[in-house]
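Participant: Protein chains in written order, with our numbering: chain A, 163 to 276; chain B, 483 to 590.
Misleading hints may appear alongside valid ones.
Here are the computed lysine to any residue pairs in the SDA-like style, where the Cα-Cα straight-line distance is at most 20 Å [said to hold, decoys possible]: (1) B:K519 / A:F266; (2) B:K487 / A:G220; (3) B:K536 / A:G259; (4) B:K589 / B:N509; (5) B:K519 / A:A218; (6) B:K538 / A:V174; (7) A:K219 / B:T527; (8) B:K519 / A:K233; (9) B:K519 / B:A552; (10) B:K550 / B:E497; (11) B:K487 / A:D200; (12) A:K219 / B:K536; (13) B:K519 / A:E264; (14) B:K487 / A:K233; (15) A:K233 / A:P201; (16) A:K171 / B:K487; (17) B:K519 / A:P269; (18) A:K171 / B:T527; (19) B:K487 / A:V222; (20) B:K519 / A:V250; (21) B:K519 / A:P201; (22) B:K519 / A:K219.
For the record, the hints were derived by calculation from the structure and aren't laboratory data.
Listed below, chain by chain, are the residues.
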Amino acid sequence: NAGVTQTPKFRVLKTGQSMTLLCAQDMNHEYMYWYRQDPGMGLRLIHYSVGEGTTAKGEVPDGYNVSRLKKQNFLLGLESAAPSQTSVYFCASRNLGPDLNEQFFGPGTRLTVL
Amino acid sequence: DQQVKQNSPSLSVQEGRISILNCDYTNSMFDYFLWYKKYPAEGPTFLISISSIKDKNEDGRFTVFLNKSAKHLSLHIVPSQPGDSAVYFCAASDDMRFGAGTRLTVKP
């Protein structure tokens with residue numbers, strides 16, 4: 163099992179450009195999440211999904227869109243990148259169940275917006 | 483609003499001693515808490531968790547304590563090892579909110 167994978171690992175964008183970050187998981191998890199990590203801010207939830215075809219907003223959703231067309235994939239889109247979106251982005255997934263609260267994280271995508 | 487807070491950005495301890503990392507939360511409805519460990523250039527990995535119906539959970543060198551009345555949890559690492567040097571995040575499971583993290587450095 164590859165677990166949670168993220169593509170790409172690094173990206174540099176110019177202000178106003180668009181891009182899509184891809185997250186894939188092979189654990190058949192229902193829930194998937196996108197976080198951003200900034201110095202001193204910890205991990206902040208951008209959007210999440212509780213199943214195929216569903217998405218919901220997290221703490222910091224502005225400037226991002228997501229889609230969950232397939233259960234194993236969760237895409238994060240930036241329509242018009244801004245320097246404030248320079249960050250490290252992590253995808254995570256977990257399964258359903260009252261005691262299955264552990265999230266599995268991908269290795270991260272480092273995004274720089276110039 | 484930060485519902486999960488880690489007020490110590492860093493902690494340095496000597497190898498073999500105890501490391502105590504702290505976390506406070508504001509929402510008394512949270513019923514499950516987790517600690518994650520993160521090395522540079524890697525994603526966080528799950529370390530240990532605790533349900534609100536318990537006040538302690540132990541896994542080898544790692545113990546998490548929960549004080550519901552104080553809305554406080556702590557992670558104890560005994561004995562600390564250099565390989566424990568990482569950033570530690572606490573999280574509340576209900577809405578997946580994370581603290582800002584504490585960077586632990588264990589000196590040989």
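Participant: Hint by hint, note whether the structure agrees.
Facilitator: Taking the hints in turn, this is what the structure says about them:
no.	hint	in the structure
1	B:K519 / A:F266	holds, 12 Å
2	B:K487 / A:G220	holds, 18 Å
3	B:K536 / A:G259	holds, 18 Å
4	B:K589 / B:N509	violated, 35 Å
5	B:K519 / A:A218	violated, 26 Å
6	B:K538 / A:V174	violated, 45 Å
7	A:K219 / B:T527	violated, 23 Å
8	B:K519 / A:K233	violated, 27 Å
9	B:K519 / B:A552	violated, 24 Å
10	B:K550 / B:E497	violated, 30 Å
11	B:K487 / A:D200	holds, 15 Å
12	A:K219 / B:K536	violated, 31 Å
13	B:K519 / A:E264	holds, 12 Å
14	B:K487 / A:K233	violated, 32 Å
15	A:K233 / A:P201	violated, 31 Å
16	A:K171 / B:K487	violated, 29 Å
17	B:K519 / A:P269	holds, 13 Å
18	A:K171 / B:T527	holds, 18 Å
19	B:K487 / A:V222	holds, 17 Å
20	B:K519 / A:V250	holds, 16 Å
21	B:K519 / A:P201	holds, 16 Å
22	B:K519 / A:K219	violated, 25 Å
Violated hints, listed in ascending order, are 4, 5, 6, 7, 8, 9, 10, 12, 14, 15, 16 and 22; each of the other numbered hints is respected by the structure.
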